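Engineer: Given next are the chains, with one letter for each unit.
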Amino acid sequence: MTQFVDIGSLEDIPVQGARLVRTAQGCIAVFRTADDRVFALDDRCPHKGGPLSEGIVHGDRVTCPLHNWVFDMNTGEATGADEGQVGTYATRVEKGRILIDASLIARSNAA
Amino acid sequence: MKKKLVIIGAGMASGRMLEHLFDAAPDLYDVTLFNEEPRGNYNRLMLSPVLSGEKTYEEIVTHDADWYEAHGVTCRFGEPVVRIDREAKLVHTNQGSAEYDALVIATGSAPFIIPVVGKELPGVVTYRDLEDTHAMIDAGVAGKDAVVIGGGLLGLEAAAGMAARGASVTVIHLMGHLMERQLDPAAGYLLKKDLESRGIKVHCEGATKAILGHERAEAVLLEDGTVYPADLVCMAVGIRPETRIAVDAKLEVERGITVDDSMRTTDPSIFALGECVEHRQQLFGLVAPLYDQAKVLAKTLQGEAAEFRPVQTATKLKVTGCDLFSAGDFADGEGREDIVFRDPGRGIYKRLVLEYNRIIGIVMYGDTADGNWFYGLLKDGTDVSEMRDTLIFGPAFQGGGAPDPMAAVAALPPEAEICGCNGICKGQIVQAVQGGAVTLDAVRAQTKASSSCGTCTGLVEQVMQFTLGDDFAASAPSGMCGCTDHSHEDVRRLIKSMGLKSIPAVMQELGWKTPGGCHSCRPALNFYLLAEWPTEYQDDRQSRFVNERNHANIQKDGTYSVVPRMWGGVTTPAELRAIADAADKYDVPMVKVTGGQRIDLLGVRKEDLPHMWADLNEAGLVSGHAYSKGLRTVKTCVGKDFCRFGTQDSTGLGIRLEKLLWGSWTPHKVKLGVSGCPRNCAEATCKDVGVVCVDSGYNISVAGAAGMEVKETEHLASTPSEDEAVQIITAFIQLYREHAKYLDRPYKWVAKVGLDWVIERVVDDLAGRQALVERFELSQSVYRKDPWAEHSTDRERAKWAPMADFTLEAAE
Ligand code: SRM
Ligand SMILES: Cc1cc2nc3c(=O)[nH]c(=O)nc-3n(C[C@H](O)[C@H](O)[C@H](O)COP(=O)(O)OP(=O)(O)OC[C@H]3O[C@@H](n4cnc5c(N)ncnc54)[C@H](O)[C@@H]3O)c2cc1C
Ligand code: SF4
Ligand code: FES
Chain F
381 MTQFVDIGSL
391 EDIPVQGARL
401 VRTAQGCIAV
411 FRTADDRVFA
421 LDDRCPHKGG
431 PLSEGIVHGD
441 RVTCPLHNWV
451 FDMNTGEATG
461 ADEGQVGTYA
471 TRVEKGRILI
481 DASLIARSNA
491 A
Chain E
9 MKKKLVIIGA
19 GMASGRMLEH
29 LFDAAPDLYD
39 VTLFNEEPRG
49 NYNRLMLSPV
59 LSGEKTYEEI
69 VTHDADWYEA
79 HGVTCRFGEP
89 VVRIDREAKL
99 VHTNQGSAEY
109 DALVIATGSA
119 PFIIPVVGKE
129 LPGVVTYRDL
139 EDTHAMIDAG
149 VAGKDAVVIG
159 GGLLGLEAAA
169 GMAARGASVT
179 VIHLMGHLME
189 RQLDPAAGYL
199 LKKDLESRGI
209 KVHCEGATKA
219 ILGHERAEAV
229 LLEDGTVYPA
239 DLVCMAVGIR
249 PETRIAVDAK
259 LEVERGITVD
269 DSMRTTDPSI
279 FALGECVEHR
289 QQLFGLVAPL
299 YDQAKVLAKT
309 LQGEAAEFRP
319 VQTATKLKVT
329 GCDLFSAGDF
339 ADGEGREDIV
349 FRDPGRGIYK
359 RLVLEYNRII
369 GIVMYGDTAD
379 GNWFYGLLKD
389 GTDVSEMRDT
399 LIFGPAFQGG
409 GAPDPMAAVA
419 ALPPEAEICG
429 CNGICKGQIV
439 QAVQGGAVTL
449 DAVRAQTKAS
459 SSCGTCTGLV
469 EQVMQFTLGD
479 DFAASAPSGM
489 CGCTDHSHED
499 VRRLIKSMGL
509 KSIPAVMQEL
519 GWKTPGGCHS
529 CRPALNFYLL
539 AEWPTEYQDD
549 RQSRFVNERN
559 HANIQKDGTY
569 SVVPRMWGGV
579 TTPAELRAIA
589 DAADKYDVPM
599 VKVTGGQRID
609 LLGVRKEDLP
619 HMWADLNEAG
629 LVSGHAYSKG
639 LRTVKTCVGK
649 DFCRFGTQDS
659 TGLGIRLEKL
669 LWGSWTPHKV
679 KLGVSGCPRN
689 CAEATCKDVG
699 VVCVDSGYNI
709 SVAGAAGMEV
719 KETEHLASTP
729 SEDEAVQIIT
739 AFIQLYREHA
749 KYLDRPYKWV
759 AKVGLDWVIE
769 RVVDDLAGRQ
779 ALVERFELSQ
789 SVYRKDPWAE
799 HSTDRERAKW
809 APMADFTLEA
819 AE
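Residue numbers (my numbering), protein chains in the order written: chain F, 381 to 491; chain E, 9 to 820.
Honestly, the hints are just simulated from the structure, not real lab data.
Any given hint could be a false lead.
As the list claims (entries may be wrong) - To give an idea of the chain E side of the interface with chain F (calculated C-beta under 10 angstroms), a few residues: (1) Gly525; (2) Ser551; (3) Arg552; (4) Phe553; (5) Arg557; (6) Lys564; (7) Lys807; (8) Ala809; (9) Thr815.
As the list claims (entries may be wrong) - In the DSBU-like style, the derived pairs of lysine-lysine whose C-alpha atoms are separated by at most 35 angstroms in a straight line are: (10) F:Lys475 / E:Lys303; (11) F:Lys428 / E:Lys593; (12) F:Lys475 / E:Lys97; (13) E:Lys600 / F:Lys428; (14) F:Lys475 / E:Lys127; (15) E:Lys756 / F:Lys428; (16) F:Lys475 / E:Lys217; (17) E:Lys258 / F:Lys475; (18) F:Lys475 / E:Lys521; (19) E:Lys521 / F:Lys428; (20) F:Lys428 / E:Lys749; (21) E:Lys807 / F:Lys428; (22) F:Lys428 / E:Lys677; (23) F:Lys475 / E:Lys614; (24) F:Lys475 / E:Lys307; (25) F:Lys475 / E:Lys209.
Stated by the list, open to error - Facing chain F, a subset of chain E residues (Cβ under 8 angstroms, in silico): (26) Phe338; (27) Ala339; (28) Thr522; (29) Pro523; (30) Gly524; (31) Cys526; (32) Arg530; (33) Val554; (34) Ile562; (35) Gly566; (36) Pro810; (37) Met811; (38) Phe814.
Predicted model, so just to flag it, every value in this text is computed and none were measured.
Ideal Cβ positions, reconstructed from N, Cα and C, are used throughout, including at glycine.
Modelling step: build the complete structure from the supplied sequences, incorporating the hints.
Structural biologist: Rendered as structure tokens:
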């Protein structure tokens, strides 16, 4: 079963925005949608490494700020004509706190 | 002997439970019922009609004294239980006690009070019971001011009730739109509009700072400094389960009193139900699930097996005229699809969220007739693939047919301006058409509408089509993006003529096809709105491209570049030192002189930005907006103070222009150049606006380009006066801000409208020029400020760093 750890409160992330979680293997972008759902994706666009956390969030999608690839945050897959995928991580929101898949820490420790 | 059943709380849940219990087993228990309120059970939901005057208290009583007597209930009303003694199986009040064999806690919930200064003042109430309702009725008389804090279900019912009694009511809501838990932004916008149309003021994104007043509440102060007068303040920001006696009795309590499926707490003789409980991590705030709990508990108390299984509940708002319906999960999600229907003309919005061909979420506003039908499909998990295409039109396909693309134009008043170039209103076009001008050319010839830049052709055609009906076929519109069929120009004009002041307003009224737009339309809408309503529109940071959101240019590796302003390219040793210090302190990999006569610090980490800005600010440096669709640089040459050929103070004029124009947002970036003589060392003749000084004054030319295209500027005006030159340039920039399509540089825009049209407005028409300058200044009163300073305050700084850092934990 997935273990979860607390990374902060929902209010820390602007609506339709993102914040980062730093791990030893790179940053994870944690997004909050207009309807308060939370997604966690690797903060590296498969195209040329753009920071997805800085993209415009629309619906459950985010547009990479560097060259406008659009990703479905549920699956991490690029939509439209572009092909590519970023890693996604399980998240939960409980009592206004954001919890994320704890294996991220393990991943850091292993490094 | 009968067993003793003690109930704490005579509310809606315990009332319903007793009905079931007495129906099935009238003689099983001796019941003692405690209530803090000095009365028995009444229909709490109906307090809102009591508040608004549609009902009286007597009409909403559900169990009267006769009922309690007939069922042998010992009523101890107005006597709150203060302690439970689990060892002795006793409950205590301040007057006495009672023994129990079985105990039911049904204490409901308590309103949440936000901890602000002044919250204890008389005149501050919550909305929970009859006493609160009476306080508001007393305040709700004509001429008094009421403020409701909280724009959820309860707050809005309170607001509508007091407004119905004549009070002038303001609702302050923390979030971006009303009832955000039940509604999406589109429906929230329609609700706000309806409330406003009945005189209720709505202030979203308002954080309450304090309640002001001496003897009693007099006003509410918000974080942003706004003050609303208030004879009465109603706090309706949420509820929390009333669990105090359960906590004291050491029962397991999370957010609510934990119960199992049979409604039993961790003590086998103690049960709980209603809003005070937590069942499988879920809390309850609506009556439907509480009634199910009541059924289950009645069985449990008879020793029968029963399990509580919560089902989805739908929400409606009991405010006459505000028809909304919401149920299920309407968030975007994996494999989820939206069906959106908007009828701007009738103020209708419907959205169904589907997953695996089943409805999982419903949001409706304006026409909720089909709500229960959809809700049935949702609860039953019906596969809707067969009826998908017509699903949104409801069981009878009633209303049939797609939303009317003409609706927005049809709804415009006759005096709404359609052609901005020639100032032609809808009414004039309708008249021309009715007078026989049935082709676009005829309309153009008669009214001049769309005869200049032509960008309003789509709108003119729509007006013709709506006047002529099917006799006229408009050419297919090309929308600004996949979210809408309206062109950029149409959207701009409709924002103005329909008075649309927020992104959700635009999307609803113009029938956007997506729930929330995309990365292409959102930045454009944000600009159009702030340009049209500088003092009213709230800039939406999340609708901006990364560079403008972070006030720095993003680099290929995700770092940023920082370019401070150097007014007119002039700097000082102190500024240079501050830049050098910052470059050292933050390990800047590259320091480069730009093509815009200033210095670029490239490769700065995001979390360092606010710190570096604070340092630069201290030396008097502000953002150079090297990232903005706004004023970039004003390049100058040394001019007459030093150069042997200089005719005027080109450096001084450049600085003056930059200080005037900086901070303004424009459709695309804007660059100026001012040269001191026709040798043109500042390359002014390939800029968006160029000034070449000559002995007799100033030659102003515009619409140059030296990027992807190269083009010489065209002559706009010559004037002997520096002041007039500044005025003409300001008017030109404002005209560009008001008319150009997002992402058209001035040279592209001027090519569309024609230079003559521009000259007429900013050179020949003196009053018009003056008005343009005034509108520019009004906008600058909001936007001429340093964004770096705003973001480098202590409070803002933390937001630039990661929210969590697991590399640190790894190191520990
Ligand atoms: C830094 C600088 C190059 C330099 O090292 O000198 C520069 C750098 C960039 N330019 Fe430029 N331009 C710079 C002067 C120019 C000039 C010359 C000038 O300003 O006198 C031009 C030609 C004039 C013009 O504006 O057209 C210029 C024409 C462009 C264009 C083409 C615009 C067009 O409409 O054709 C782009 C692309 C765009 O804006 O869409 C662009 C875009 C860019 C961007 C923002 C690319 C991007 O989107 O990331 C570069 C950002 C670098 C960074 O991170 O800081 N840059 N760029 C110059 C900054 C000037 C300043 O102080 O603000
Ligand atoms: C104005 C208003 C409008 C509403 N509209 C709707 C609606 O449209 N739809 C909907 O589904 N829901 C609505 N609700 C919510 C609904 O009323 C509640 O969900 C429901 O009343 C909760 O029932 P309950 O029995 O748990 O608590 P309550 O009905 O609150 O009853 C709890 C009772 O316990 C008493 N009590 C508390 N502590 C003690 C103690 N220590 N000793 C003795 N007595 C105590 C309280 O005084 C209270 O009388 C509305 C609520 C309000 C206030
Ligand atoms: S010309 Fe401008 S946009 Fe192109 S690489 Fe150089 S700085 Fe970047
Ligand atoms: S790096 Fe993301 S689209 Fe190019």
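Engineer: The structure should be examined with respect to each hint, and the outcome stated for every one.
Structural biologist: Results of checking the hints against the structure:
no.	hint	result
1	Gly525	6 angstroms, holds
2	Ser551	7 angstroms, holds
3	Arg552	8 angstroms, holds
4	Phe553	7 angstroms, holds
5	Arg557	7 angstroms, holds
6	Lys564	7 angstroms, holds
7	Lys807	8 angstroms, holds
8	Ala809	8 angstroms, holds
9	Thr815	5 angstroms, holds
10	F:Lys475 / E:Lys303	28 angstroms, holds
11	F:Lys428 / E:Lys593	29 angstroms, holds
12	F:Lys475 / E:Lys97	33 angstroms, holds
13	E:Lys600 / F:Lys428	24 angstroms, holds
14	F:Lys475 / E:Lys127	25 angstroms, holds
15	E:Lys756 / F:Lys428	31 angstroms, holds
16	F:Lys475 / E:Lys217	24 angstroms, holds
17	E:Lys258 / F:Lys475	22 angstroms, holds
18	F:Lys475 / E:Lys521	33 angstroms, holds
19	E:Lys521 / F:Lys428	31 angstroms, holds
20	F:Lys428 / E:Lys749	30 angstroms, holds
21	E:Lys807 / F:Lys428	26 angstroms, holds
22	F:Lys428 / E:Lys677	26 angstroms, holds
23	F:Lys475 / E:Lys614	30 angstroms, holds
24	F:Lys475 / E:Lys307	32 angstroms, holds
25	F:Lys475 / E:Lys209	31 angstroms, holds
26	Phe338	7 angstroms, holds
27	Ala339	4 angstroms, holds
28	Thr522	7 angstroms, holds
29	Pro523	6 angstroms, holds
30	Gly524	6 angstroms, holds
31	Cys526	5 angstroms, holds
32	Arg530	6 angstroms, holds
33	Val554	4 angstroms, holds
34	Ile562	6 angstroms, holds
35	Gly566	4 angstroms, holds
36	Pro810	4 angstroms, holds
37	Met811	4 angstroms, holds
38	Phe814	4 angstroms, holds
Against the hints set out earlier in the document, no violation occurs for any number.
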